[in-house]
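A.B. asks: One line per chain: the protein sequences are A and C, in this order. 1 is the number of the first residue of the first sequence in my numbering; add one for each residue after it. 1 is the number of the first residue of the second sequence in my numbering; add one for each residue after it.
Check before you lean on any hint, since a few could be wrong.
Stated by the list, open to error - Result set (BS3-like, lysine-lysine): computed pairs, CA atoms no more than 30 Å apart in a straight line: (1) Lys257(C) - Lys340(A); (2) Lys69(C) - Lys69(A); (3) Lys445(C) - Lys472(C); (4) Lys29(C) - Lys252(A); (5) Lys29(C) - Lys64(A).
What the hints assert, rightly or not - Far from chain A, by Cβ distances over 12 Å, these chain C residues were calculated: (6) Glu11; (7) Asp18; (8) Leu58; (9) Lys69; (10) Glu173; (11) Glu192; (12) Thr205; (13) Lys209; (14) Gly238; (15) Ile301; (16) Asp415; (17) Arg475; (18) Pro476.
Keep in mind the hints are simulated off the structure, nothing from the lab. Glycine residues also receive a C-beta, built at the ideal position from the N, C-alpha and C atoms.
There are 2 protein chains.
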Amino acid sequence: MNINDKEFVKEVTSQAVDFSQWYLDIVLKTEMMDYAPIKGCMAIRPYGYAIWENIQQLLDRRIKETGHKNAYFPLFIPESLLEKEAEHVEGFAPEVALVTRGGNEELAEKLVVRPTSEAIICEMYARWIQSWRDLPLLINQWCNVVRWEKNTRPFLRTSEFLWQEGHTVHATEEEAQEETLKMLGVYQDLLESELAIPVIPGQKTEKEKFAGALRTYTIEALMADGKALQAGTSHNLGQHFAKVFEIKFQDKDDELKYAWTTSWGVSTRLIGALIMVHGDDRGLKLPPRVAPIQVVIVPIIGKKSKDEVLRRANEVAAGLRSINIRVELDDREGYSPGWKFNQWEMKGVPLRLEIGPRDLENKGVTAVRRDTGEKSFLLDQDLSAQLPLLLQNIQDSLFEHALKFREQKTYRPQDYGDFKEALDEKKGFMLAHWCGDARCEEEIKAGTKATIRCIPFDSDPKDKGPCLFCQKEGRPVYFARSY
Amino acid sequence: MNINDKEFVKEVTSQAVDFSQWYLDIVLKTEMMDYAPIKGCMAIRPYGYAIWENIQQLLDRRIKETGHKNAYFPLFIPESLLEKEAEHVEGFAPEVALVTRGGNEELAEKLVVRPTSEAIICEMYARWIQSWRDLPLLINQWCNVVRWEKNTRPFLRTSEFLWQEGHTVHATEEEAQEETLKMLGVYQDLLESELAIPVIPGQKTEKEKFAGALRTYTIEALMADGKALQAGTSHNLGQHFAKVFEIKFQDKDDELKYAWTTSWGVSTRLIGALIMVHGDDRGLKLPPRVAPIQVVIVPIIGKKSKDEVLRRANEVAAGLRSINIRVELDDREGYSPGWKFNQWEMKGVPLRLEIGPRDLENKGVTAVRRDTGEKSFLLDQDLSAQLPLLLQNIQDSLFEHALKFREQKTYRPQDYGDFKEALDEKKGFMLAHWCGDARCEEEIKAGTKATIRCIPFDSDPKDKGPCLFCQKEGRPVYFARSY
Numbered sequence: 001m002n003i004n005d006k007e008f009v010k011e012v013t014s015q016a017v018d019f020s021q022w023y024l025d026i027v028l029k030t031e032m033m034d035y036a037p038i039k040g041c042m043a044i045r046p047y048g049y050a051i052w053e054n055i056q057q058l059l060d061r062r063i064k065e066t067g068h069k070n071a072y073f074p075l076f077i078p079e080s081l082l083e084k085e086a087e088h089v090e091g092f093a094p095e096v097a098l099v100t101r102g103g104n105e106e107l108a109e110k111l112v113v114r115p116t117s118e119a120i121i122c123e124m125y126a127r128w129i130q131s132w133r134d135l136p137l138l139i140n141q142w143c144n145v146v147r148w149e150k151n152t153r154p155f156l157r158t159s160e161f162l163w164q165e166g167h168t169v170h171a172t173e174e175e176a177q178e179e180t181l182k183m184l185g186v187y188q189d190l191l192e193s194e195l196a197i198p199v200i201p202g203q204k205t206e207k208e209k210f211a212g213a214l215r216t217y218t219i220e221a222l223m224a225d226g227k228a229l230q231a232g233t234s235h236n237l238g239q240h241f242a243k244v245f246e247i248k249f250q251d252k253d254d255e256l257k258y259a260w261t262t263s264w265g266v267s268t269r270l271i272g273a274l275i276m277v278h279g280d281d282r283g284l285k286l287p288p289r290v291a292p293i294q295v296v297i298v299p300i301i302g303k304k305s306k307d308e309v310l311r312r313a314n315e316v317a318a319g320l321r322s323i324n325i326r327v328e329l330d331d332r333e334g335y336s337p338g339w340k341f342n343q344w345e346m347k348g349v350p351l352r353l354e355i356g357p358r359d360l361e362n363k364g365v366t367a368v369r370r371d372t373g374e375k376s377f378l379l380d381q382d383l384s385a386q387l388p389l390l391l392q393n394i395q396d397s398l399f400e401h402a403l404k405f406r407e408q409k410t411y412r413p414q415d416y417g418d419f420k421e422a423l424d425e426k427k428g429f430m431l432a433h434w435c436g437d438a439r440c441e442e443e444i445k446a447g448t449k450a451t452i453r454c455i456p457f458d459s460d461p462k463d464k465g466p467c468l469f470c471q472k473e474g475r476p477v478y479f480a481r482s483y
Numbered sequence: 001m002n003i004n005d006k007e008f009v010k011e012v013t014s015q016a017v018d019f020s021q022w023y024l025d026i027v028l029k030t031e032m033m034d035y036a037p038i039k040g041c042m043a044i045r046p047y048g049y050a051i052w053e054n055i056q057q058l059l060d061r062r063i064k065e066t067g068h069k070n071a072y073f074p075l076f077i078p079e080s081l082l083e084k085e086a087e088h089v090e091g092f093a094p095e096v097a098l099v100t101r102g103g104n105e106e107l108a109e110k111l112v113v114r115p116t117s118e119a120i121i122c123e124m125y126a127r128w129i130q131s132w133r134d135l136p137l138l139i140n141q142w143c144n145v146v147r148w149e150k151n152t153r154p155f156l157r158t159s160e161f162l163w164q165e166g167h168t169v170h171a172t173e174e175e176a177q178e179e180t181l182k183m184l185g186v187y188q189d190l191l192e193s194e195l196a197i198p199v200i201p202g203q204k205t206e207k208e209k210f211a212g213a214l215r216t217y218t219i220e221a222l223m224a225d226g227k228a229l230q231a232g233t234s235h236n237l238g239q240h241f242a243k244v245f246e247i248k249f250q251d252k253d254d255e256l257k258y259a260w261t262t263s264w265g266v267s268t269r270l271i272g273a274l275i276m277v278h279g280d281d282r283g284l285k286l287p288p289r290v291a292p293i294q295v296v297i298v299p300i301i302g303k304k305s306k307d308e309v310l311r312r313a314n315e316v317a318a319g320l321r322s323i324n325i326r327v328e329l330d331d332r333e334g335y336s337p338g339w340k341f342n343q344w345e346m347k348g349v350p351l352r353l354e355i356g357p358r359d360l361e362n363k364g365v366t367a368v369r370r371d372t373g374e375k376s377f378l379l380d381q382d383l384s385a386q387l388p389l390l391l392q393n394i395q396d397s398l399f400e401h402a403l404k405f406r407e408q409k410t411y412r413p414q415d416y417g418d419f420k421e422a423l424d425e426k427k428g429f430m431l432a433h434w435c436g437d438a439r440c441e442e443e444i445k446a447g448t449k450a451t452i453r454c455i456p457f458d459s460d461p462k463d464k465g466p467c468l469f470c471q472k473e474g475r476p477v478y479f480a481r482s483y
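Chain A extracted, bound-state conformation (with noise of 0.2 Å):
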């Protein structure tokens, strides 16, 4: 490593020395984002946002073959439509932005930017639907929504924010039901196969589901410094807004009845995610299937060789080009290679390519992967074959090492001193026994900061414990403190 490099590294704050500025150091650094002059707002940069576009295009076409189709709604919902639903406005009516002039003219009706779209998008369903016919009704939506947050984190948690929200209408509470787990399992598809990210499926208690679900099932992940995300959730609504909204339908049987609806839904927080699941010191890691970039070409010219070492580079990115693999030539001047090296490593690049005279004579290219830095030799004639075998390799390799990471960092407490202890000591998740009642899990958080993440799908019917706080029988959740 020469001077220019060790410069380079030092802009970005270490993870053991702290974790939250390593974070703000990536995105800031990577270009991925920028702060905005508005409160808890961001601009989302081209490199950012061409994550976003990949997951977009991921999570879009799996949507669309579960039979959803997409749709748009309007951006402001009048505030009596807002407070139709008791829990709902309880939950979102203090951290909503109010429209009150439009057009030079105080407003008659306060309009409120919308923070979810449960209350515009029922109040239209209620008009397309009359009968059996109609149902279910799928649909999805790609758009902004906005929560006047306190406490604001870039991609975790944001002023505005870009998500999808899938609204669907069933005739029969098991078909709602079906509907809010097919999509829950569709995000965890999402976030293992393409993010690289391994999840923990489960139901939320009372106390953290959505504000106006019957039943909110998520997904949750572990972040490199311990501590728990919330990565996608799906709620079955059951029929509290289809009876406030009046969504009913005239059944085979001729009856009138009122529908049962779910939503579910993920943001550009899963770019927090990534960041903080696979990045380093030496700043991001993507995983290739996201990764704006799945390949960087630096070419290493010596005093004579330019011509032909450029003519190789852009042959090779032609080349992987016309497999479709997302390749970049850097061949900027008065960047030294080890500076182009540090720069795309930091932007987490899965793959370099370094050609220079010697991969020239040797027919071939040096590759380096992001992941674990290692390098190997491969021949030209081998490359668009050998390509994507390799990128697949650190696509699961990044998935392996989260899935090994979390697995050490999942931890079963003794008793309640040890889960404390633990939670200070040894970070991660905790699974341990719950009884179920509302005032252990709230005395928890009150002493710890940790939340119930989630009651897993997966757990021993048989695996049964004392309660972590009161001894009393209970079954196995994850706590973990989170974002």
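Mind docking chain C on chain A? Use the hints.
C.D. replies: Using the frame of chain A, we list chain C on its own:
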């Protein structure tokens, strides 16, 4: 036509009776949109939104191919930022929605819901640009914007609408001008190649240019009622925004210089254009490239043939899907084929395939074009070769038809009296000479409600003549009444 069919068509007002009502009938009956309970806002339903998604995909590809990257900037603009550019604020302030409360508190500074994003984007660009190495900066965003309009109309003019807005920064005036015209060209290509809408590209007059621009360019399309529609604009913003937002860069000669900026956009208004250019009394006519459903298959089920017909219909659908044709198999029970024909015609599906017992016998399908009503019989073995050609033929015909219509509706008035009469009687574009004086332009607008749509690029420099209003020598410009 059976009684059922007549009933169906009766629901839509005839264009000849009331074009405006025809339009509203179509957008509602085809389920492209529905009115929302917020002044001037609409919900874009899946059928309308799918058209927007197709337009987005076709345009986004072009935007990226010309070197631009997508990003996302905040929805909110502090009032003081919007006020920086004098003409800009004068143009937009009267129609903004204002957020005055957030999180239950009165905001210290009111926030404008973006009507367009020059102000917030230039504020960010000023931080990102230091050197000539940072230029050109070529960024686009897809988002929603809000303009508190007095008179609204679905898709054409709504309080909230969806669009893309490109914002670029350049080192020189020449590059900014080149970019401005390049993106107008991209829009023209999108409209003509994909939406089958011929447009007239040209420059806006000083009076009609964008608030804050140095020069505005436009593509103007002619609707079936003879009114013009501004379908896309591209602005050379000169150094107007760079100067007030302090976008400066160190040039190669080491001097600190103000940059040059451009912006350009098209919106969901294009869906309105599609409807009004191609539609007829039976409903929409969608060009295949943007049609959510390109081919609909209607099985004609006899008494004995049900299983066989449905099996074949499914086979044909699968075959077309495998060659990337967007196909819908309408196997709903309880609807007559005639009713289905009418519904899909109203929805503008370019091609209908009928499969009945006789078609099975003859080893083929009956194809009916939406644009001409023409029927043909296609052998099964020719389907995958013939259908793409047939769809291309429909696409081309729609364009040719629209171009011919526009040519017929472009009139060269003899004098102001003839101009006024032609506007009322013939409608359409009036290609007439104008001296360049804004007073003549205003007098003509006051007297006829016609505006100068553009000063066309392609006019013959030798084509000089007396100004329509004052008789001084002028050049030919396009006048029309417009949306």
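A.B. asks: Confirm or reject each hint.
C.D. replies: Hints, one by one, checked against the model:
1. About 28 Å separates the Cα atoms of Lys257(C) and Lys340(A), which keeps this hinted pair within 30 Å; it holds.
2. At roughly 26 Å between alpha-carbon atoms, Lys69(C) and Lys69(A) fall within 30 Å of each other, so this suggested pair holds.
3. With a C-alpha separation of about 18 Å, the suggested pairing of Lys445(C) with Lys472(C) holds against the 30 Å cut-off.
4. Using a Cα cut-off of 30 Å, the hinted pair Lys29(C) and Lys252(A) holds, with the two alpha carbons roughly 25 Å apart.
5. Between Lys29(C) and Lys64(A), the direct Cα distance comes to roughly 24 Å. Compliance with the 30 Å bound is thereby established for this hinted pair.
6. Listed as a non-interface residue, Glu11(C) keeps its Cβ farther than 12 Å from every Cβ of chain A; the least gap is roughly 17 Å.
7. The non-interface label for Asp18(C) is consistent with chain A: the shortest C-beta to C-beta separation is roughly 24 Å, beyond 12 Å.
8. Look at Leu58(C): its CB is around 15 Å from the nearest CB on chain A, clear of 12 Å, so calling it non-interface holds up.
9. Remark: the non-interface label on Lys69(C) conflicts with the geometry, its nearest Cβ contact in chain A lying 4 Å away (cut-off 12 Å).
10. Listed as outside the interface, Glu173(C) is consistent with that label: its C-beta sits roughly 25 Å from the nearest C-beta of chain A, beyond the 12 Å cut-off.
11. The claim that Glu192(C) is not at the interface with chain A holds, since no C-beta of that chain comes within 12 Å of its own (minimum 26 Å).
12. With a least beta-carbon separation of about 26 Å from chain A, Thr205(C) lies farther than 12 Å from that chain, consistent with its non-interface assignment.
13. A cut-off of 12 Å between C-beta atoms confirms that Lys209(C) is not in contact with chain A; the least separation is 22 Å.
14. No beta-carbon of chain A comes within 12 Å of the beta-carbon of Gly238(C); the shortest separation is about 24 Å.
15. Residue placement check: Ile301(C) keeps its beta carbon more than 12 Å from all beta carbons of chain A (closest about 19 Å).
16. For Asp415(C), the shortest C-beta to C-beta distance to chain A comes to about 40 Å, beyond the 12 Å cut-off, and the non-interface label holds.
17. Distance check on Arg475(C): its Cβ is at least 37 Å (rounded) from any Cβ of chain A, clearing the 12 Å threshold; non-interface status holds.
18. For Pro476(C), the requirement that its beta carbon stay farther than 12 Å from each beta carbon of chain A is met, with the minimum near 37 Å.
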